[in-house]
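**Q** The residues making up each chain are set out below.
There are 2 protein chains.
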Amino acid sequence: MVAKILASLTAVLTLVAAQPVFAQDLLPSWNDTAARSRIIDFVKATVTEGGAGYVAREDRIAVFDNDGTLWCEQPYYIQLGFMLDRVKTLAPQHPEWKTKEPFKSILDDDLKGIARGGEMGVVELGMATHAGMTTDEFNRIVSDWFSAAKHPKTGRLYTDMTYLPMRELLDYLRANDFTTYIVSGGGVEFMRPVMEKLYGIPPQQVVGSTIVTQYALVGEVPVLKRLPKVDFVDDGPGKPAGINKFIGRKPIFAAGNSDGDYEMLRWTTAANGPGFAMIVHHTDGDREYAYDRQSSIGKLDTALDEAERRNWLVVDMKNDWKTIFAFEP
Amino acid sequence: MVAKILASLTAVLTLVAAQPVFAQDLLPSWNDTAARSRIIDFVKATVTEGGAGYVAREDRIAVFDNDGTLWCEQPYYIQLGFMLDRVKTLAPQHPEWKTKEPFKSILDDDLKGIARGGEMGVVELGMATHAGMTTDEFNRIVSDWFSAAKHPKTGRLYTDMTYLPMRELLDYLRANDFTTYIVSGGGVEFMRPVMEKLYGIPPQQVVGSTIVTQYALVGEVPVLKRLPKVDFVDDGPGKPAGINKFIGRKPIFAAGNSDGDYEMLRWTTAANGPGFAMIVHHTDGDREYAYDRQSSIGKLDTALDEAERRNWLVVDMKNDWKTIFAFEP
Chain A
1 MVAKILASLT AVLTLVAAQP VFAQDLLPSW NDTAARSRII DFVKATVTEG
51 GAGYVAREDR IAVFDNDGTL WCEQPYYIQL GFMLDRVKTL APQHPEWKTK
101 EPFKSILDDD LKGIARGGEM GVVELGMATH AGMTTDEFNR IVSDWFSAAK
151 HPKTGRLYTD MTYLPMRELL DYLRANDFTT YIVSGGGVEF MRPVMEKLYG
201 IPPQQVVGST IVTQYALVGE VPVLKRLPKV DFVDDGPGKP AGINKFIGRK
251 PIFAAGNSDG DYEMLRWTTA ANGPGFAMIV HHTDGDREYA YDRQSSIGKL
301 DTALDEAERR NWLVVDMKND WKTIFAFEP
Chain B
1 MVAKILASLT AVLTLVAAQP VFAQDLLPSW NDTAARSRII DFVKATVTEG
51 GAGYVAREDR IAVFDNDGTL WCEQPYYIQL GFMLDRVKTL APQHPEWKTK
101 EPFKSILDDD LKGIARGGEM GVVELGMATH AGMTTDEFNR IVSDWFSAAK
151 HPKTGRLYTD MTYLPMRELL DYLRANDFTT YIVSGGGVEF MRPVMEKLYG
201 IPPQQVVGST IVTQYALVGE VPVLKRLPKV DFVDDGPGKP AGINKFIGRK
251 PIFAAGNSDG DYEMLRWTTA ANGPGFAMIV HHTDGDREYA YDRQSSIGKL
301 DTALDEAERR NWLVVDMKND WKTIFAFEP
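These protein sequence lines map, in sequence, to chains A and B. The end of the first sequence is residue 329 by the UniProt record's numbering, with every number in the run present. The end of the second sequence is residue 329 by the UniProt record's numbering, with every number in the run present.
Hints may contain errors.
As the list claims (entries may be wrong) - Chain B stretches covered by chain A per the calculated footprint, using a threshold of three residues with CB under 8 angstroms from any CB of chain A: (1) 190-203; (2) 242-256; (3) 297-308.
What the hints assert, rightly or not - A partial selection of chain B residues facing chain A, derived with a Cβ cut-off under 7 angstroms: (4) T135; (5) N139; (6) T210; (7) Y215; (8) V221; (9) P222; (10) L224; (11) P237.
Source of the hints: derived by calculation from the structure; they are not laboratory data. All C-beta atoms in this analysis are idealised placements derived from N, C-alpha and C, irrespective of residue type, glycine included.
Please put together the full structure from these sequences, using the hints given.
**A** Shown next, in the form of structure tokens:
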């Protein structure tokens with residue numbers, strides 16, 4: 001008993017000693033610019049009891065887009081990278097793919113040919129690579145892929161392509177009793193196997209697009225089969241719907257990087273009371289990629305106009321971030 | 001600083017002093033029967049580090065059906081009670097309901113007439129009472145209704161119709177670092193406004209049936225409109241699918257009371273490793289209701305047969321529960 005008390009007391013003393021966090025220790029990969037200050041000011045206000053900006057712990061919900069907000073989405077979405085590799089893996093079982101689009105273009109390494117297939121091509125590609133197995137099998141396939149698959153430009157593991165300043169931001173929010181969620185157009189079951197390791201976000205806090213699953217018995221064993229049918233698209237106006245469906249509370253903090261996040265940012269800042277919206281603006285062509293209004297991936301146009309009008313924070317990756325990737329020299 | 005340390009130390013001492021919980025303090029509304037022992041044995045095993053039944057905190061997921069498992073579902077589902085009242089409230093705006101089923105029967109207080117309408121009648125009824133407003137408006141309507149609506153037999157508020165032993169069980173599991181979820185056929189947005197107050201379960205841990213919502217602007221204000229279209233039915237084989245979609249982890253503990261929970265109980269006990277399934281068997285016609293295989297509401301037939309075969313715990317409400325409702329004399 002006494003040992004227990006002493007151990008607990010030590011823990012408490014350590015905690016108390018660690019309390020005064022100096023400004024320069026917060027978000028160390030961020031430069032000391034207005035962007036960083038605005039984030040810190042908002043968080044401080046939400047945790048200051050009695051203050052006008054105070055928010056109860058249970059309402060400190062923070063939502064983050066994933067592609068282009070937490071990890072790199074260029075030269076193509078990481079999930080598309082998965083699809084391309086998967087087609088090549090499965091090709092021997094599908095001789096018909098040699099002449100059938102979009103599979104033919106993938107097997108020929110012709111990315112433009114895939115793009116010519118348009119939306120229908122991508123849906124067909126998604127279903128061919130994401131359906132037809134159980135949820136457990138898909139989890140294993142995705143986990144295995146992430147353990148080895150590499151980014152086409154940097155040659156780093158995809159799992160190394162996360163933005164260090166954003167991971168620090170997630171930690172900082174959680175240290176202030178925010179609950180952090182992913183709200184992404186990506187597939188829920190594509191993301192879940194790695195989100196906890198990458199961002200400290202557990203499966204139940206990953207909101208994304210879903211396909212229909214069906215309960216079935218394989219012998220005596222119940223499984224869920226992934227059917228080739230879209231259930232829910234968590235993008236654009238689907239993001240507030242997804243937040244409402246999965247979380248059931250309005251966020252007070254939202255981060256995105258493209259027009260696909262626009263409605264989520266509106267939703268977050270429309271509530272009575274505190275609401276903070278931020279956009280990660282890809283301005284660093286040297287360390288990462290520079291793109292916005294004209295990009296086919298992560299197009300940022302309407303939301304960029306609206307950001308100014310609505311006083312949303314636009315983070316300039318080049319100037320606001322000291323480091324982008326942890327692997328930088 | 002010193003005051004802070006002292007306050008923390010006091011908190012720690014209180015915690016330590018409170019540690020030894022004696023068996024008779026656990027689940028006080030349960031009789032000292034085998035049912036109670038089996039639950040306690042399972043929970044103790046999951047938290048015993050190094051033991052064969054140990055489960056890491058993040059995997060201690062417990063799922064609970066709601067109707068008939070946590071609160072009373074007789075003589076009809078509480079959500080049906082809401083629909084009936086809602087039709088009466090809205091009737092002046094719908095003169096056509098006077099001659100149109102299932103509305104006519106409701107306005108005539110003819111419950112059998114509603115039943116004659118079958119499943120389509122119930123869907124139409126659901127849409128007429130659950131759609132056509134924003135999510136915020138629906139939340140208010142539901143909250144207002146729960147503040148006054150009463151159970152037709154006991155005359156108590158519906159919110160008093162929860163089972164005290166089950167609330168103790170939820171508390172007990174949470175005290176052992178389980179995360180508790182509702183997984184119900186009921187509407188998510190019908191349940192969420194009251195689940196936290198009744199069971200300590202926050203909105204993001206309520207899984208249920210959903211209707212399609214649509215993002216829209218009302219002037220400058222973003223809202224979600226509830227459309228008269230079913231999105232997902234979280235019942236029967238839909239329950240494992242709902243668990244996978246919303247939670248993304250397999251539960252290790254599941255409680256239900258009807259055949260609609262059968263697949264969830266199978267799913268929970270099929271995983272490699274620990275899995276506990278229990279069925280609340282309605283055996284007390286005096287204090288509550290007695291029903292199982294022949295009941296149109298909460299039919300328990302297949303799952304009761306399977307319970308024996310699979311060694312699921314069947315809780316006998318009459319003999320295993322000292323108290324059912326907190327309001328009992």
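**Q** Each hint: holds or not?
**A** For each hint, the structure was consulted:
| no. | hint | result |
| --- | --- | --- |
| 1 | 190-203 | holds (count 3) |
| 2 | 242-256 | holds (count 6) |
| 3 | 297-308 | violated (count 0) |
| 4 | T135 | holds, 6 angstroms |
| 5 | N139 | violated, 9 angstroms |
| 6 | T210 | holds, 6 angstroms |
| 7 | Y215 | holds, 4 angstroms |
| 8 | V221 | holds, 6 angstroms |
| 9 | P222 | holds, 5 angstroms |
| 10 | L224 | holds, 5 angstroms |
| 11 | P237 | holds, 4 angstroms |
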